[in-house]
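Trainee: Taken in order, these protein sequences are the chains called A and B.
The opening position of the first sequence corresponds to residue 1 in the working numbering, with each subsequent residue numbered one higher.
The opening position of the second sequence corresponds to residue 1001 in the working numbering, with each subsequent residue numbered one higher.
No lab work stands behind these hints: they were computed from the structure.
A hint or two may mislead.
Derived Cβ-Cβ restraints for the label pairs, each shown as a range [unchecked claim]: (1) A:V165 <-> B:G1086: 32 to 40 Å; (2) B:A1162 <-> A:I52: 45 to 53 Å; (3) A:F304 <-> B:N1116: 49 to 57 Å; (4) B:L1114 <-> A:R240: 53 to 61 Å.
Every residue gets a Cβ at the ideal spot worked out from N, C-alpha and C, and that includes glycine.
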Amino acid sequence: MSEPEKSSPKVVLVGNPNVGKSVVFNALTGAYTTVSNYPGTSVEVSRGHCSIADQRYEILDTPGMYSMMPITEEEAVARRILLNEDPHAVIHVVDARNIDRMLPMTLQLIEAGLPVILVVNILDEAKRLGMQLELELLQQHLGIPVIGAIMRRKIGLDQIRQAIVDYAMVPYTPFIYAVDLENDIDKLIRLLQGDYRLSRRAISILLMQKDDDIIQLVAECETAENYTQILEVVREISFRRRADLNLQISLERRKVCKQMLTGVVTQTIEDSEPFAEKLSRWMMNPVTGTPILLFVVYFGLFKFVGGFGAGTMVDFFEGHLFENYISPPIVGFAEQHITANWLFELLVGEYGVWTLGIRYAVALVLPIVGTFFLIFSVLEDTGYFPRLALLVDRLFKRIGLSGRAVIPMVLGFGCDTMATLVTRTLETKRERVIATMLLALAIPCSAQLGVILGLLSVEPRALMVWTVFLLLIFLLIGFLAGRVLPGASPVFYMEIPPLRCPQLRNVAVKTLTRMQSYFVEILPLFLFASVVLWAGKMTGTLENVINIFAPVVKLIGLPVEVTTAFVFGFFRRDFGAAGLYDLQTSGLLNLTQLTVAAVTLTLFVPCVAQFLVMIKERGIKTALFIFVFVTVMAFSSGWFLNKVLIVTGLLA
Amino acid sequence: MDRLSELAEEILESLWVMTVEGDNVGCLLTSLKVTPDSAELQELVQLAYVEVRGDRVYLRKEGRMEAQMTVRRHRLAERLTMDILGMAGDEGNDQACAFEHLLRQGVDTKLCTLLNHPTTCPHGNPIPPGECCISAQQKGEPGIVALTELKSGESGEIAYLAASDDKKMQKLMSMGVLPGSQLVLVQKFPSYIFKVGHSQFAVDDTLAREIHIRRPL
């Protein structure tokens, strides 16, 4: 981090998932982090800046956390910020509708001696539910600034900015719990001598709860002798209270919160069930939810991404704009001015930077990925995904995953690389490995999907074979992985946020941000890949690699030319599919061969970017294992499918 | 009255299962694996609990109560070994068989109260109600059941969370799913969906089994 940033005071945003932290962050900094209606999508800490009254502040947006005692990786990330940074102010954002269950964390933050500002967000929806909140009174009770807000409409933003400027730390009076609990807390407070960023009271309580990070911290801050003594006391307390310590603490906090909220919240009877509630029920009921899912898949994925994105848009960009207007002058210019053959090849040759890099990236892939991200953002914004998660939980349990894994899986249909990153939000290592493997094997990314749908949709039977076969492989391998990999099966629990009407601006910005990051990430790779392929072609290495693969390709009943598509496929999954497209248009493949090639290519090793992310997230050993497994699986499945198709004459 | 021998209790139990719960008329000596002159059978005949006619044993009216209570003790013992002590399969069964003979002189009542008057054994067979169950029912005690036992649309107060996985429980607690909160079960399949306050949560059956609800009176 650079020097001037260090000197600007920090403001940390914390709160439950899905309460509008990121909206506050965006409003304060003007930057954009992805705002979603899906609990737990931001794993990273976003940093931005804002200036208020000539003072520059650094704003940190943390992943959602439910309490000071972290359970998941995201929560641990969020709390580490509170442990390590020295904030000027900590803004706790809560959902007004659920203030009674979010306030305990406010208590914990105050108790930790942090400079807390409470922002009660989503007041409008609370009002619609018949809730009236006296925030002035709550401010008196808590002794910290309390601001009511509707951040989506920027209401309350000025007050937040003012509160940041005006913030002055006041010593707080601790909230008092039951006597026996207080005695134990006191016992520990007396023993603590080190210098802590959090209050000793908070440290003591977290010690009693056996928080690993805090035990570590205490070990560093105390003398060895004192530390052993502390551990002794902690052990004694936590054994004595083994039955219900966590529960008692939660209940005590709840009691304090009730006092704090006396006179603050008044609830009038809410009227009839709104339409959103009904729709939400339909989505969660398997009888009505399955048709809704099919509807979404058919119109969203098949019609919009496959038809409009990969069809109309690509035809326009590729077939019309590039073919007729953009490419001819460029190629013509090159033909006239470039005499060196190698340079001509590098730029506009078959595998040239222009032909294979820019043209593919801009005209072929971007429209498809863009339309996918648009649909994904709309669905994400409405809150459909948590509902889908609970719908598929039972099925996913069979393949060793929980409903939670539905997000990386769906995202995988957009970009497997991004999806592999998101598997981080899954709770057990076992789940992460299974999800990574299934993404690498059986989930085609949108670019690949677009081209393959385009290729196979001319013959519905081929499309059917492709879909059914992939689905079977997905379930079979998932089922086997769930059986083979050690570890307990995951437990599913999830908060279901209310359905919201997607906001046009939100969806637009989200889609554009995703497209931008995708584009920034892939264009260099496209260029890199085209240079590698060009070098391979010029030196003859490519031919050698193709020759090595050729017998395998022949074995599964495909013409040798398809090998090129497979080798390309590793550089971008969609390269491979696009390569098939070229082969099909030149009439080299019959229907059976086309289907076998499409299936094998979909199953085949992920693109180079996904492989790199796999190494980063799962470690080299697991990544290599998956790589080898997927390759073997792809070709043997291709071989098998080819035999089946020939014997049955299904696509003859 | 002397206690019945363990083997005699086993006979009563089999008779109850086969003739009262099942539709057999009497029970073949061979299927009870006894001979007409074996001591445990004679013990029951003398008490007039059973009678032997030909190759079959019949449960007499006088023996019904004793048989019913024996079955009850066996199934309570199963609840104890399988639910509370966490023993599964054959081990659970064997231990339950050993335990059931200890559940006398009011121990069964205490166990039954501790288990909150269960109505079925882990295999789903009915547990005949004892006096404690009947009086609890008459007093109208609300009874605490797992979330899985609630019907869709039913509501109650969260009584306690059974903590088999500490982290998961803490997560639920920090999300506000706490004893004392009112809960409404919205849906049971494919996942359990419930409402606490203005928030909805989905959990699978593993977790749902650990959330215990006090039904309203």
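Trainee: Each of the hints needs a verdict: does it hold here or not?
Mentor: Results of checking the hints against the structure:
1. A:V165 <-> B:G1086: 32 to 40 Å: Given a distance of about 58 Å, which is not inside 32 to 40 Å, the answer is violated.
2. B:A1162 <-> A:I52: 45 to 53 Å: holds, 49 Å
3. A:F304 <-> B:N1116: 49 to 57 Å: holds, 54 Å
4. B:L1114 <-> A:R240: 53 to 61 Å: violated, 23 Å
Taken one by one, the earlier hints fail for this structure at numbers 1, 4, listed in ascending order.
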